[in-house]
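S.K.: Okay, here's what each chain looks like letter by letter:
Protein chains: 2
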Amino acid sequence: MGAIVANITIKRALISVFDKTGVVDLAKTLAGDGVEILSTGGTYKLLCEQGIPCVKIEDFTGQKEIFGGRVKTLHTKIHAGILSKRDKEAQELNTEHIDLVCVNLYPFGKLINDNVREMDKLIEMIDIGGPTMIRAASKNYKHVCVIPSAAYYDEFIEAYKNNNITEEFRLKMAIETFRTTAYYDSVISKSLFNVSTGKGLFDTIENETVALPLNKVLDMRYGENPHQYASYNAIPTFADEDISKFFTDGKIHGKELSYNNIADISGAMRILSDLPDNACVVVKHSNPCGCAAKATTFESYKAAYEGDSVSIFGGIVGFRGTVNKQTAELLSQIFLEIIICEKFDADALEILSAKKNIRLMEYAAWKDKILQYENNFEMKKVLGGVLIQERDRINPGKDEEMNVITNAKPTDAQIEDMKFGQTLVKHVKSNAIVVVKDKMLLGVGAGQMNRVTSARIALDWAGDKAKGAILASDAFFPMPDTVELAIERGISAIVQPGGSIRDQDSIDVCNANNLPMVFTGKRHFLH
Amino acid sequence: MGAIVANITIKRALISVFDKTGVVDLAKTLAGDGVEILSTGGTYKLLCEQGIPCVKIEDFTGQKEIFGGRVKTLHTKIHAGILSKRDKEAQELNTEHIDLVCVNLYPFGKLINDNVREMDKLIEMIDIGGPTMIRAASKNYKHVCVIPSAAYYDEFIEAYKNNNITEEFRLKMAIETFRTTAYYDSVISKSLFNVSTGKGLFDTIENETVALPLNKVLDMRYGENPHQYASYNAIPTFADEDISKFFTDGKIHGKELSYNNIADISGAMRILSDLPDNACVVVKHSNPCGCAAKATTFESYKAAYEGDSVSIFGGIVGFRGTVNKQTAELLSQIFLEIIICEKFDADALEILSAKKNIRLMEYAAWKDKILQYENNFEMKKVLGGVLIQERDRINPGKDEEMNVITNAKPTDAQIEDMKFGQTLVKHVKSNAIVVVKDKMLLGVGAGQMNRVTSARIALDWAGDKAKGAILASDAFFPMPDTVELAIERGISAIVQPGGSIRDQDSIDVCNANNLPMVFTGKRHFLH
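First to last, the protein sequences are chains L and A.
With this note's numbering as the guide, the letters of the first sequence map in order to residues 30 to 556.
With this note's numbering as the guide, the letters of the second sequence map in order to residues 30 to 556.
Hint data in this document are derived by calculation from the structure and do not stem from the laboratory.
Please read all numbers here as calculations on a predicted model, not as lab measurements.
Accuracy of the hints is not assured; some may be wrong.
Note that identical chains are pooled: a pair holds if it fits in a single copy or bridges any two copies.
Straight line, CA to CA, 25 Å or less: simulated SDA-like cross-link-like pairs of lysine to any residue [unchecked claim]: (1) K372 to E358; (2) K201 to A180; (3) K410 to E197; (4) K171 to T233; (5) K385 to S529; (6) K171 to E419; (7) K284 to G80; (8) K438 to T58; (9) K57 to D306; (10) K114 to D397; (11) K201 to D232; (12) K284 to P507; (13) K139 to E87; (14) K331 to G61; (15) K410 to I423; (16) K384 to T238; (17) K49 to E285.
Let the sequences and hints guide you as you build the complete structure.
M.R.: Okay, structure coming up:
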């Protein structure tokens, strides 16, 4: 646009605000200059009380307020005053121009924060006149200045006093206006959809066009690396479904969360959502590196630690359950970034909060929503746009069939470990292989470009413990090399989705070695 | 909501559409029942021509059209007719009710598709009256039916003929309306921002609240796995900046792209954007598994293939340059999912398109935008919302200082390989280690939960080729074990960001072994 200095003269202003913050000062500034102020309802009353001269909108239009105020500003005289091009036609029509429009909208979002689901109440809080006035003023920004929120009063007053309401400033306010109305309507659309269908956001984003509402909750110090800007943004939803608050109100000790923290905490909770109560998971660089599902959180933690006592350093430990004193004592012996659990016992909290650098998070207040991880979808920024997909909702431990396709049959205990292994391998970056035994993670092969390398990493990690353990894979084996390697290392049974044109090669190797193998039929890639 | 059956009686309809598709049939259906039709401008003219009785909006309001039609529907009589609660007050006021509002909006988005950047033209295409009417009708969905797009005419006519315009249907249309207006305003806000500042979307999403416009381009067969719904959605932008079209118009041979294809293609282009001309990269499961930057695309491909002739099977090969016949002959010898390049020579295309299952993609038409990968940001869906971060814009080969911190100094050739190594390691999932020599990738350690394991994977992969090669790391070494391992395997120099409190331990080991090590100061985590 370049430098723009075309000033306008403000002779008449329309001020109609729901949020009254700062509006008196703004009106005084204008009135002091002899600007005629048009106003409605509560704003009119407030300004009059403050001795600021103003004109009631119905006296300006000559139209009495009807239908509880639903139609008061939807009047030709107002919109002609705003939208006029200030040309010969306007002169001939004796248009009474409105040069400044200061309006903020009915706070529809507040109802959402307050869990109001009654359709009548939601509907009444949908502003029609407000968006129309600020959108009209924005369209005509060459002649009109719009102020769509109290956040801009100071900037406006400063510019106004310096006789500097430039076209550039007015355009900036116009852009802010369309951002505001877009967000407003996206929250309305989403909320009415949620209430009327009981469904979440996922279903709305199957539409051809959609505006995804994002409400910044945290400005982070930086992103994955110090040279990247970053923020955490909630997708607005009714307060009792809003798990974004876990990242603010759920942190009961420790310094601010980082970008990588939020990503890893989410990863940990996603894994726990598929595991049984009392499970424990250790997450490092988005992958689980320790995990166990034992009878108590204490036993689970001990087994998770035993599975990888190296990578846990500086990691995130999550529990599906409470942390007691005994567990806290063990946890306090090593350096951890974050501990997450449903609830810390008082004495456990005392022990752990003595450590300054650790972050402690409790999810009791959001437990059901977080452990269901419901209505969720994944997004990935790619060239020119965004990939959206349904979250992988299959819980292998509960939902998958275990089809034995070898002569040898697995024992019940092996089947249980296969379910545990498939549950974990679902959450490991692809290509993914895990080695498990007695519901304990013994080795992880993550993120490799070929499958047998992932298997080798997992088996190397498990070492001697691989003997008699289960090997689980997130996708089929394109050739029998992984099975051969597993047998060489003493693996006692294998679980994988199956589906390769060369499945029979792997089955043959299993049968020749009397090894049970199970097909689940469900791939679980995760990149 | 439960079952809703409260029908309404449609006596008067307001029809004002920019897109005239199907509107005649709709109007005929209504007129046939004696519904009074109010209409404006072009719609009025069309309906009259078709012999459908209708009333001009200005005859209904008694207000002559002014300001080129800017204000025609912003009239109390219209909005009272729409917003009336159909109660005693309305009766007393003799409100003339409008029971159906069929309006579609000025096609602002078409200007964006047509690269129109003149502010005057953009401004004129911002609809004020249209959104107001359909938003008002939506607010009053209990009494009024809104049809915000021609896409719903058939569904409406069907329901209308069956006397079945239920409250449920009207609410559904109301929700569609707010989705439509939210998207409309989000595109306006973004486009005016782009034009007036020359900046991209990244700056707008630093705001407190934002609605991110998403326009579905491709419905995928499925997501990362067959049991997940997925789509590719463009973020609308001026056509000459719209690289989303690369995924539709850029594919010149082969079957439809999958979710994982789009993710990997984006990854490949992101890597190429940091590499010199004629480079070649092979991507598998989002990581580079082969890469070289030689004098020609042919030499680069040969070297990339040599670096990993196993993982390349079923992979994606990308070139920063053209593919000629000689290269095509080599490429055609193995199974590849996708080949991407600026342009295929005609004889190269002939050879490769003989393969039915391969997808061939040319990016010549979007070259500058794609290779700049400009104005971009990353999104990650997490618990309750979305992490947004600035893309890692540092190009290690160009932007980073190479600070030698050992007694031994690297040669110029080693410095060049260090830059190449840092460029690649930036694009490998963390923890990431690469081994490179002569601008060729020899080994990749990706996605591990501790650093020395990544080093071991990369060095195992490189094997004997590690002797005399460079080892590059995406983050500092927390202890000297990685350096010790590198020396054991014959690595000739090391490059890493530095920054550990135990950096000196690693430096001491280098000095004791006369090995040069360089610190860049810039971490490149990628998860």
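S.K.: Indicate, hint by hint, whether the structure satisfies it.
M.R.: Here's how the hints hold up against the structure:
Taking identical chains as interchangeable, the C-alpha atoms of K372 and E358 lie at most 25 Å apart only when both belong to the same chain, with a minimum of 16 Å there against 62 Å between chains. In this assembly of identical chains, K201 and A180 lie within 25 Å of each other by CA distance solely inside one copy; the values are 13 Å within and 34 Å between copies. With identical chains, the CA atoms of K410 and E197 are never at most 25 Å apart, being 32 Å at best within one copy and 35 Å at best between copies. In the homo-oligomer, the alpha carbons of K171 and T233 lie at most 25 Å apart only across protomers (22 Å), although the nearest pairing inside one protomer, at 36 Å, exceeds that limit.
Taking the closest pair of Cα atoms, K385 and S529 come within 25 Å of each other only across two copies (20 Å); inside a single copy the shortest separation is 51 Å, beyond that limit. When the C-alpha separation of K171 and E419 is checked against a cutoff of 25 Å, the pair qualifies neither within a copy, at 44 Å, nor between copies, at 33 Å. For the homomeric pair K284 and G80, neither the shortest alpha-carbon distance inside one copy (49 Å) nor that between copies (73 Å) is at most 25 Å. Neither within a single protomer nor between protomers do K438 and T58 lie at most 25 Å apart by alpha-carbon distance, with minima of 85 Å and 67 Å respectively.
In this assembly of identical chains, K57 and D306 lie within 25 Å of each other by CA distance neither inside one copy nor across copies; the values are 62 Å within and 63 Å between. With identical chains, the CA atoms of K114 and D397 are never at most 25 Å apart, being 56 Å at best within one copy and 40 Å at best between copies. For a Cα distance limit of 25 Å, the shortest separation of K201 from D232 across copies, 13 Å, qualifies, whereas the shortest one inside one copy, 34 Å, does not. In this homomeric assembly, K284 and P507 come within 25 Å of each other (Cα to Cα) only across copies, at 22 Å, whereas the closest approach inside a single copy is 47 Å.
Taking the shortest alpha-carbon separations for K139 and E87, neither the intra-copy value of 28 Å nor the inter-copy value of 39 Å comes in at or below 25 Å. Proximity of K331 and G61 under a CA criterion of 25 Å is satisfied in neither setting, with 73 Å inside one chain copy and 78 Å between copies. Within a single copy, K410 and I423 get their C-alpha atoms as close as 24 Å, and across copies as close as 18 Å, so both meet the 25 Å cut-off. Proximity of K384 and T238 under a CA criterion of 25 Å is satisfied in neither setting, with 49 Å inside one chain copy and 36 Å between copies.
Neither within a single protomer nor between protomers do K49 and E285 lie at most 25 Å apart by alpha-carbon distance, with minima of 33 Å and 55 Å respectively.
Checked against the numbered hints listed earlier, the structure breaks hints 3, 6, 7, 8, 9, 10, 13, 14, 16, 17; every other hint is satisfied.
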